[in-house]
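Listed below are the residues making up each chain.
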Amino acid sequence: MIVADNIRKDFREIKAVRNISFEVKRGETMVLLGTSGCGKTTTLKMLNRLIEASSGKITIDGKDIFQERPEKLRRTIGYVSQNNGLFPHFTVSENIAIIPKLLHWTKSDIQTKTEALLAQLKIPWEEYAHKYPDELSGGQKQRVAVARALIADAPVLLMDEPFGALDPVTRAGIRTEFTQLPELKRKTIVLVTHDIQEALELGDKICLMDQGEIVQSGTARDLLMKPVNDFVKAFFESQRLYLELKSLSFNDIWELLPHADDLSGPVLWSNETLWKGMEYLSEQKKTQLVVVDKINQIHKKVTLANLQESLNRFKYNL
Amino acid sequence: MEPQQSLLEFMGQQSDKLWSQTIAHIGLTCISLLIAVIVGMPLGIWIARRKKATWVVLGIAGILQTIPSIALLGFMIPLLGIGALPAITALFLYALLPIIRNTYTGITGVDPAITESARAMGMTTRQILFSVELPLALPVILAGIRTATVINVGVATLAAYIAAGGLGEFIFGGIALNNSNMILAGAIPAALLAILFDFLLSRIQKTNLERMRKVSVILPVLLLVLSSFYIIPNSENKLLGGFTPEFMGREDGYLGLKSKYKLRIPTVVISDAVMYKAAFEKKIDVISGYSTDGRLKAYDLMTLDDDQHIFPPYYASPLVRTDVLIKYPELQPALELLSGKINDSIMTDLNYRVDYLKQTPEKVAHDFLVRNGLYKKPNIGNKGVIRLGSKIFAEQYILIEMYKELIEGNTQLKTVSKTGLGGTKICFDALTNNEIDLYPEYTGTGLLVILKPTKTEVENLKGNRDKVFEFVKKQFSNHYQLQWLKPIGFNNAYALMMRKNQAQSLNIKSITDLTTYAANGNHRPKRGI
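Going down the list, the protein sequences come from chains A and B.
So the first sequence is numbered by my numbering: it starts at 1 and just counts up by one.
So the second sequence is numbered by my numbering: it starts at 1 and just counts up by one.
For reference, chain B alone in the conformation it holds in the complex (with noise of 0.2 Å):
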């Protein structure tokens, strides 16, 4: 394994990354935060005029509030996609609660004797309310902003799902590859954006009302400036790769693909539960999927030929604690029933039942059972509890699934399943931690992501998956004392993907192919492929 790297080193290594990261999170944080002052301040001085319609207003800019960040992106993708426009309302319709409200306190909070006054010496109501209302109410509607500014710095984090960029890169990268470096080299900056703009914000806040007029047109003007760092990668005229954040820092991916193929495209991150679909709708055109995705049958995507093998396939196969495995003999048995029973096309019809034809994961688990004839009524037994984990995807649910009724039909064990555990790290820290006795993982995941062998070691097992397979169980019984148990028999790995109509008219068949066609500076046919 190679020395740990420091986090100052991790940071200085990819401090363009990082700046450029940073840019877009300040960018995609001030844009979004300009358009809330345009449309809440307004909105904010107009219920202070008709109470009648404050309840309402109010009303709904909470509610919105209250939707959980990530659920709220989720909602933007169908109805505006994936990149900079969903990102961009969804942390809009964030900042712009505070902003209502503090524009409609400040405002009504102003002495109505001061008003009443303006109005004696016949100032119009335009005139009240630019020269005396808003300045007297500019303190706590600043406040609002404050406010507004802080929640958008975080919840931008979560705009690297959706491909919008920012210092969620780094974060949601770093979750999946277990890199505690590049996880912080994300969240720091993004805490030292909240705070800084905390500070800056109630500095401004407290200068005296005189200066108080000269930062009602300062601050406008700095929004406007920050907004404009936000450029995403102009893909008007190539093709645009949309790749998971676990993809971006893998050697067996993005990395692989720069230095064995030298493949040169514009990239953006994003999760892979939207990846397929943003392909489908012509967002993205070559993304990172999983060969064995029900997603690729359901969206008409086809995979690129690997003709450099930088993708070797890999095992899946139940990883277990070893604890576990000697206290409960029974354990391994069951859980091996199932292997060397789904292969590639079974895997992938599978996932195509849940993904596209919406089954849920318990049914296409008990179904696939039932039909192999491996299913036995639950023993409800009290032996003891299998925890079950599993990572954020319908693959992973499924299996978890069929692991549940084999322990419960086969043994006196009960279990509990703790799905959608993020990425590989989270997993691994839950089953290290005793968190979770059992997750399915991957050998390449396994050797990657986890042992971070050095790069001879990788050589020398030559992409076999024999070897990486012994390789990686005995490493992990060594280090971690957990099992890699027999493979399912599937293999999974990575694959390029795109539109097949596109790479069919496009002429790409593999990725030597994509290169080419990349590196020759061919222009992306208008998007009516």
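Chain A with its partners taken away, still in its complex shape (with noise of 0.2 Å):
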């Protein structure tokens, strides 16, 4: 568990950032989210100490960070920077290593590990463990540095823009994946990004910034739909829509929804989100189609209309 209590950093006289306060569970991925200069990354930083806070107190699992040697915690804390950071000069298995080096493990560990871990992030162990790391994809680089920051099953991670420097496409997959590797299931994530749709896949939590200061934190869902100020609802407006099907899943407007009468049309749990359901109308050129509750075994009718005025209607009662 991270705990940041009232952290601040100034650069000479500029506020970088101030008043920063949160908390991230164990096992809980929580988003920056902010555009260019909010000082997220700077946020991001202090936890493990590449820049240091001017004031206020952070602890990780209970241990005030500011009492050990800032190279020790590092090497508990797994990092991610959007440009891979991984040395030139090292091959894939050196890049590795380095932490598990550090560590003093043994050789034979450290294979063992590096070659689990390269293929869970479908990296070949025996076409890749000796390429430099400019004879790599873009996204192969990204994961070997992935790969770097879980080796020594740190338990906790710090991601500055992992996928920033991958096109769309690459991304996406790469996200994908991303989210499916077990290894970081058990993990306690900070993740920091512009993009708002990363946001709202990766984060349990996000914290919207601005200007040095979280403006809103909450789920995805409390900031789209209960924005504090018009900031926050200008930050969203754009995708809006996407958003909002994308953070609501068919329970939440289940009440809103009228029974299903006869059970044609493909059908979906009541648990996935309203972009699936319009993802699923669009694609198989149906009219409608059927919601099932796990628990009921309610089954309640979906079509184009009903779907948009129960999202107003929802909206509305909020």
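A hint or two may mislead.
Calculated pairs, BS3-like style, for lysine-lysine (alpha carbon to alpha carbon, straight line, at most 30 Å) [to be verified]:
no., chain 1, residue 1, chain 2, residue 2
1, A, Lys-72, B, Lys-51
2, B, Lys-474, B, Lys-404
3, A, Lys-57, A, Lys-187
4, B, Lys-214, A, Lys-107
5, B, Lys-509, B, Lys-238
6, A, Lys-131, B, Lys-206
7, A, Lys-101, B, Lys-214
8, A, Lys-226, A, Lys-276
9, B, Lys-214, A, Lys-131
10, A, Lys-15, B, Lys-52
11, B, Lys-377, B, Lys-358
12, A, Lys-15, B, Lys-51
13, B, Lys-214, A, Lys-113
Cβ-to-Cβ under 8 Å is the rule here; a few derived chain A residues that face chain B [claimed, not checked]:
no., residue
14, Lys-72
15, Arg-74
16, Tyr-79
17, Ser-81
18, Gly-85
19, Ile-99
20, Leu-102
Hint data in this document are derived by calculation from the structure and do not stem from the laboratory.
Ideal Cβ positions, reconstructed from N, Cα and C, are used throughout, including at glycine.
Make the complex out of the two chains shown on their own, each in a separate frame, by following the hints.
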């Protein structure tokens, strides 16, 4: 668990970030979201003391990070940066072995762990272990960077725009893989991004930052549906419909949907997002689909028209 | 005259010397380079961390770089004397800037994203330096070392001026002795060394990152090995001779010492500009001076008796282009006003004033002419211009100043001076190429360095100065259209010199005494004397 309590950072006269407080529970992913220069990266880097906070308190699993030697602290925190930060003069396997070597693992331990991890990340050991970063594609480099951050099994992972340098197609693919990676499921993650979709997909919790402060934090739905001010509202405006469909499931609008009389058409579980429902309707060229509540086995009918109406009524009720 | 020898013949004949000079040259270059790397890299790393110190350090190193190499060597002599130490120091200072600057550029050029990720993984500053920054900066650092190497191979030729050896011995010997083969025998290997080192380092620089790691181990070791090549004659126990490049190659010089006297002492080559002082400071014990040199008096040296007569006395006299004498008939009488006016002791005294009392040659010359009633106010005429040349030592400067006042006072001619024309070859070539009209020369030099007569011809002259004068005068007039005017009066000859108190305590009065002393393997007394 990471707790930040009122941290602040000044660069000489300029107040970079201030009044930052948050809590990330064990196994949770928190996203620091915001435009360039809002202080999200500074905030992230204060967690592993790449940047020293000017004031405030940060604890990780109850331990005050300022009491520890920075080098030692950092070896227990995985870190992935936007431009991968791989050492160009090290091979893939050497890059991954950096932290284990600092921790004095045995050679065979390093090898076994590296092979397993690379396999999970779909980078075959035999083919890639002895290649240099320059010989890899952008996506592969980023996977190696992730592997490097994961190898020592640090409980905490910090990611600074980890997919920011990739093209949209690769990014979407790697992000999906990423969410399915078992290694990542148990980790406490803080992720920085300016990509709203990415924040929505990966974050259990989102902190929206502006001008060095957290403007609002909460779940994606909180930010979308209950913006605290015009800034938050405006931030999501351009993709609002998409985001709403993505962030709401059929359970959320369950009461507003009519019962299904005939059970024809494709069937979806009720915990799927509204977006998934829309995709089904358009892909399968059907006018209606059936949504099933897992627990009570109740069936509801969904058409484009009633989906839209239910959504509007849901928002109106908030 | 003997037939021209080809360059290859010369190199073959001198191969021992050539090898030892080349190896000394490599050693000299590598030692100074090694020290420069040891000092320069940490400095470069340091200023990459402390931006405030950057411009101070680079500024100082830059200023050092702009000091002309010969001047830097000159500065070193009062501080460190002669020999290896000042030469290595000077070369080290030259190699410093490119190494510091490239280390700094290399380290600061490492992508900050990479060093940040290294920090983020928990590497210490030291670990980051050695496993990230230095390996990534290595190509740039190597480029700096490459520049420094090429500079050093070139500058190291000047080390021969201060008895530190290297290929400069041939180059300066060749210039002094008018021997193109000798110059090339020094210059070509020096140039080849520069090209070879540059090529090897460029290959290393282009190797991939993986092999770079091996390079960072191999290179220092290689430098260390090459450095150990540099062994200068060990003179701990014996008298050490310090002779000028010209003396080393002359029959009435070192060659004669070896063949006639059978003298065997370790020698170093040194410029006559610093030779006397080096003897005075006990860096060397026996030097090849000139009998009229003022520093003989200044540094309390004594000449050894030439009991087998290998240093015949020679006249000093102005050597003038024949066409100039015909064009301006009034020139010869003006120049000959000086003849018979300066004997050995007067010349020594005049030299002493310049060399030791630090009076300017102009003043010494002017005072002398005034004292002897030879001075006349300059006519400021515009009939023509006479170009006066001189070699690079006090006696010649003084003579040139005298000729200047004599010509301008007694004729309607103007003069310009081109002083400091290195050695005999440079002066003589300038004269024959019509770049100067006259310079003071010595008949012995004219005979042995320029005419290069056969052994029998030399035997016939029997070291008789008047016979030599007539021979040289005739030959020069026929072959080069140059005229030797009436001798000035003093004799100048080579002489072996030692510190007075050392010579006395070892009871050495003549060169034969010296030979006997050296042959008996008597050990050199500790440097107390």
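Hints broken by the structure, by number, lowest first? Violated hints: none; all satisfied.
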